[in-house]
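All chains, please: the whole structure from these sequences, using the hints.
So the sequence shown is numbered by my numbering: it starts at 12 and just counts up by one.
Hints may contain errors.
What the hints assert, rightly or not - Here are the simulated DMTMM-like cross-link-like pairs (lysine to aspartate or glutamate), alpha carbons at most 25 Å apart as the crow flies: (1) Lys456 - Asp485; (2) Lys419 - Asp397; (3) Lys456 - Asp433; (4) Lys373 - Asp407; (5) Lys456 - Asp397.
Since the hints were derived computationally from the structure, they do not count as laboratory data.
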Amino acid sequence: MNANGDEAQDDGGPAAARWLFQGALGLLLGLILAAVGCLGYAWLRRTPDQPFVADRGDVTAMLVRTTIVVAISAVLAVGYLVLRRLSLGPSARYARYVAAALLVLAVAGLLALRHGSTKDLFDRAAGAQLGLRSVPVTTVAQAAWMCACAAVIVLAVVSAAASVDGTARRSGWAVTAAVAAVVVVVAGVVVGRAHSPLDSQTAGRIDAPPTPELTGAVAYRIDTGGGATLVPAGAGFATVRARDYSSDVIDGYDGGSGQRRWSFGPPNISVSGLYSTGTGPDSVVVVQASYYGKFPWPNLLIGLDATTGTPLWVKTGLLAPEAERAVAGISPAVLLVAQPVEAARSNWVAMAPRTGDMLWTKTFRTHCRAGAFVVDAGVLISGCDDPPDVVAAVVDPRTGQQRGAITKPAPGSDPGFVRLDDARGGLALVSGGDTPLVIEIGSQKVVSRIPAGSMAAFLDAHAVVLVDYLQQADYLPVSILDVDSGATIPTGVVVSRGGSSPAELFTRMGSQWVTFLPDEHGASSGQAAGAPALRAIDPAGKTRTFPFPCQEHTSGVPELATVPGALVVNCEQAFVGIK
12 MNANGDEAQD
22 DGGPAAARWL
32 FQGALGLLLG
42 LILAAVGCLG
52 YAWLRRTPDQ
62 PFVADRGDVT
72 AMLVRTTIVV
82 AISAVLAVGY
92 LVLRRLSLGP
102 SARYARYVAA
112 ALLVLAVAGL
122 LALRHGSTKD
132 LFDRAAGAQL
142 GLRSVPVTTV
152 AQAAWMCACA
162 AVIVLAVVSA
172 AASVDGTARR
182 SGWAVTAAVA
192 AVVVVVAGVV
202 VGRAHSPLDS
212 QTAGRIDAPP
222 TPELTGAVAY
232 RIDTGGGATL
242 VPAGAGFATV
252 RARDYSSDVI
262 DGYDGGSGQR
272 RWSFGPPNIS
282 VSGLYSTGTG
292 PDSVVVVQAS
302 YYGKFPWPNL
312 LIGLDATTGT
322 PLWVKTGLLA
332 PEAERAVAGI
342 SPAVLLVAQP
352 VEAARSNWVA
362 MAPRTGDMLW
372 TKTFRTHCRA
382 GAFVVDAGVL
392 ISGCDDPPDV
402 VAAVVDPRTG
412 QQRGAITKPA
422 PGSDPGFVRL
432 DDARGGLALV
442 SGGDTPLVIE
452 IGSQKVVSRI
462 PAGSMAAFLD
472 AHAVVLVDYL
482 QQADYLPVSI
492 LDVDSGATIP
502 TGVVVSRGGS
512 SPAELFTRMG
522 SQWVTFLPDE
532 HGASSGQAAG
542 APALRAIDPA
552 GKTRTFPFPC
562 QEHTSGVPEL
572 ATVPGALVVN
582 CEQAFVGIK
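So this is what it looks like as structure tokens:
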């Protein structure tokens, strides 16, 4: 009761309004601070570590546009608060018109983020921002944009409450609302930053399992859907599978168990080549791929630890967009890349496989068709710049300096026609005249002479596959030259005349050579078509056969590879591990 006997009016309504008003002011301040903080962070991290795209134009344009939006929001907020402080703000009569205009502006900003040129710019920037260890700057910039628009919406609410006395008393609501807004936005950005767009999984470092003696038992089956390839690497092998029409994933498997250990799957990556320095804990997988996240689509080279799947490096701009298989050779010491320079010229770039560092380059003159083999003994380069008596220069893989040469005339060869056909380990296969030769690269000593009329190709650094083309038959016998012993071993299998070299259809497993090639009876009768037996041939020429391991028939002779822990067969729709 007051002095006149009337009941005192409840002051709760105006007090609640003041609290809400103070809370809105705090929320406005918090959103502005969050927008500015996100924008500053995005500017600082706009250049990712190991980017897939060298051009940063779209990222910069996105950040400039976001900066304009945040600046407009901040100017509106500060301007309104200053005018209100000076009692020059809109009266209650006009407050609703100001609030409506601010609300329309904020909604227009949010719609622009999801439609039209702004959305296209953010999409292009997201593609340009991807890298091996990139921060999702596009997500952070979107957070800044949305915070700025949300601040304008809150400002519209504050403006509509122009008649509320927000300065009558101080309230903790303002500070609480400001801190809450900043915390929520920062937490959202941190969660978004923790989600990597690479969709990758790494594994621990282990030793490669030993390769067992062949028994023919199927140990595992990995469905691939068809068209998959593999390379021995790390503790087993690496392979490529399609995730969708424009993206591929590289997987690393344990060769002994067939379990997937790691995967690497950036969005919009189409793999055109998969290479490996070998097996073991220090091996590296090199991926050549096209990146469809930014036009023109760049051609990338990516290095991965073959044991753990950890991304090591990426090179962009090194290859032309239309380059297909640019890797000329790879070993633990060097990765050799063929790089077109201009019409009819080429440049070779040598890189360290584990770090991606450039080691040396070599440019060949116009219309020079050069060739190279990367082997344990070095890099063998044959080109038109060589002296007349040089078949191939032997180059140090780390420095690019020539440290020797394979010269002609080689014993037993025609001095006018000598070429380097193949190389493996410390050996080179040189053809000339009627007698191809196996030569030790370091000493140029002739290790073996290939029989006349035989097509020869290295199976590995210790064996050469021979096909006798002098026989007049549809199916030609295949033999193996054991370089270490000098013995020529009949295999009992045949290859069709005019077919490709059978060397890629053999693999060594321990002391045996393994193949799916049929014998003459199976080839001529067609009994081996689609489901040939697996044959293991020992150094004495004795053969053991094992059942066809694939569940479905194949269109040709299945490819096979010896990996740590097993023999892996490509059954077209699956990889089958055999022990």
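Structure-based check of each hint:
1. Lys456 - Asp485: Roughly 36 Å between the alpha carbons, so the hint for Lys456 and Asp485 is violated.
2. Lys419 - Asp397: Answer holds: Lys419 to Asp397 is near 12 Å, not above 25 Å.
3. Lys456 - Asp433: Holds: Lys456 and Asp433 sit about 16 Å apart, inside 25 Å.
4. Lys373 - Asp407: With Cα atoms ~13 Å apart, Lys373 and Asp407 stay inside 25 Å; holds.
5. Lys456 - Asp397: With Cα atoms ~21 Å apart, Lys456 and Asp397 stay inside 25 Å; holds.
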